[in-house]
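Same order as they appear, the protein sequences are chains A and B.
Taking my numbering, I'd label the letters of the first sequence as residues 95 to 258.
Taking my numbering, I'd label the letters of the second sequence as residues 95 to 258.
Some clues are possibly wrong.
Since copy identity is lost for identical chains, a pair holds within one copy or between any two.
[Claimed, not checked] Below are the DSBU-like pairs computed for lysine-lysine, each with C-alpha atoms no more than 30 Å apart in a straight line: (1) 99 <-> 136; (2) 217 <-> 174; (3) 136 <-> 207; (4) 174 <-> 124; (5) 217 <-> 99; (6) 134 <-> 174; (7) 136 <-> 155; (8) 124 <-> 171; (9) 124 <-> 136; (10) 207 <-> 134; (11) 136 <-> 234; (12) 155 <-> 171; (13) 217 <-> 234; (14) 155 <-> 174; (15) 222 <-> 136; (16) 174 <-> 225; (17) 234 <-> 222; (18) 171 <-> 222; (19) 234 <-> 99; (20) 174 <-> 136.
In short, the hints are calculated from the structure, not lab data.
Number of protein chains: 2
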Amino acid sequence: MKVAKRVLGIDPGLLHTGWAVVDTCGQSRKYVASGVILPKAKLDMSERLITIFRELDEICKTFEPDECSIEIIFVNKNPKTTLILGQARAAAIVAVANNNISVFEYEPNVIKKALTGAGHADKSAVDKMVKMLLPVAQPKSADEADAIAIALAHTNMVKNLIAK
Amino acid sequence: MKVAKRVLGIDPGLLHTGWAVVDTCGQSRKYVASGVILPKAKLDMSERLITIFRELDEICKTFEPDECSIEIIFVNKNPKTTLILGQARAAAIVAVANNNISVFEYEPNVIKKALTGAGHADKSAVDKMVKMLLPVAQPKSADEADAIAIALAHTNMVKNLIAK
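Whole structure, please, built from the sequences with the hints as guidance.
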């Protein structure tokens, strides 16, 4: 496949940060790689953040994505959890942006809609669509699967933009 | 003054990130430099975060601090503001930790207590103590003054640890 664009999808978290690299060219998509960054449990906040930053920096240098896709987060029922998630997300964004890769931020329901057609699709519908579009990808965790979904959603979004 | 330790204090924010470099040797402290990082208003979230990261990276490379001091943030009345502040804080921590500088995190009342002796000291008491300890420093904004206070508090904390 002639690669038109390489997309890095990120599902950030202080304990587990999922990442996925997907190539796209017209209607075709190809799975390249994916994984999960797991800062060690004994690390403090700043050490966890730098683990996320350095591993994503390495991933950017290895796979050289053209664009990055990441979810916008909102304040949920537990503002403390939101704050922790926000800090993990910032470490991820800084790692990518420091490699001069454009970061695209999407609301969760926009990602679901881009993949399934429904903004309120449940998790199993999203997983089903990911398996259908990229059967080669065999995510070993929910965070990795979500990162693949986030990358795929961006390729759909870009396609829609071009089609307009 | 023989420099025993150089401390970088940071008061993070998405619009204004104050920073200050203070040298310490025993009871002596010396003002080195301070300023405010001001990401341009038209920038989006990821561009603001990378501005904070890159400017602090440059400050770390220029002044080569030994340690960094930064406030712990808590969820306040406005969780959305807390989330934004958390992301700015993470960009700052990653910039410093990526230069292999240890990051020390303190609760706001611990910083106030280390400076004035009272955990619930008001802002004017903190400012007065900063002026007394470092008359040479002429902060041009509240963020810059707070960063100086955060750096100074850490030098007091370290001194207390040694004195124990």
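Hints, one by one, checked against the model:
{"no.": "1", "hint": "99 <-> 136", "verdict": "between (38 Å within a copy, 27 Å between copies)"}
{"no.": "2", "hint": "217 <-> 174", "verdict": "both (24 Å within a copy, 26 Å between copies)"}
{"no.": "3", "hint": "136 <-> 207", "verdict": "between (38 Å within a copy, 29 Å between copies)"}
{"no.": "4", "hint": "174 <-> 124", "verdict": "neither (37 Å within a copy, 37 Å between copies)"}
{"no.": "5", "hint": "217 <-> 99", "verdict": "within (26 Å within a copy, 52 Å between copies)"}
{"no.": "6", "hint": "134 <-> 174", "verdict": "both (20 Å within a copy, 28 Å between copies)"}
{"no.": "7", "hint": "136 <-> 155", "verdict": "both (27 Å within a copy, 29 Å between copies)"}
{"no.": "8", "hint": "124 <-> 171", "verdict": "neither (37 Å within a copy, 45 Å between copies)"}
{"no.": "9", "hint": "124 <-> 136", "verdict": "neither (36 Å within a copy, 35 Å between copies)"}
{"no.": "10", "hint": "207 <-> 134", "verdict": "neither (34 Å within a copy, 33 Å between copies)"}
{"no.": "11", "hint": "136 <-> 234", "verdict": "within (23 Å within a copy, 40 Å between copies)"}
{"no.": "12", "hint": "155 <-> 171", "verdict": "neither (37 Å within a copy, 40 Å between copies)"}
{"no.": "13", "hint": "217 <-> 234", "verdict": "within (16 Å within a copy, 51 Å between copies)"}
{"no.": "14", "hint": "155 <-> 174", "verdict": "neither (33 Å within a copy, 33 Å between copies)"}
{"no.": "15", "hint": "222 <-> 136", "verdict": "neither (35 Å within a copy, 39 Å between copies)"}
{"no.": "16", "hint": "174 <-> 225", "verdict": "neither (33 Å within a copy, 35 Å between copies)"}
{"no.": "17", "hint": "234 <-> 222", "verdict": "within (15 Å within a copy, 56 Å between copies)"}
{"no.": "18", "hint": "171 <-> 222", "verdict": "within (28 Å within a copy, 40 Å between copies)"}
{"no.": "19", "hint": "234 <-> 99", "verdict": "within (25 Å within a copy, 46 Å between copies)"}
{"no.": "20", "hint": "174 <-> 136", "verdict": "both (20 Å within a copy, 29 Å between copies)"}
Hint compliance for this structure: hints 4, 8, 9, 10, 12, 14, 15, 16 are not met, and every other hint is.
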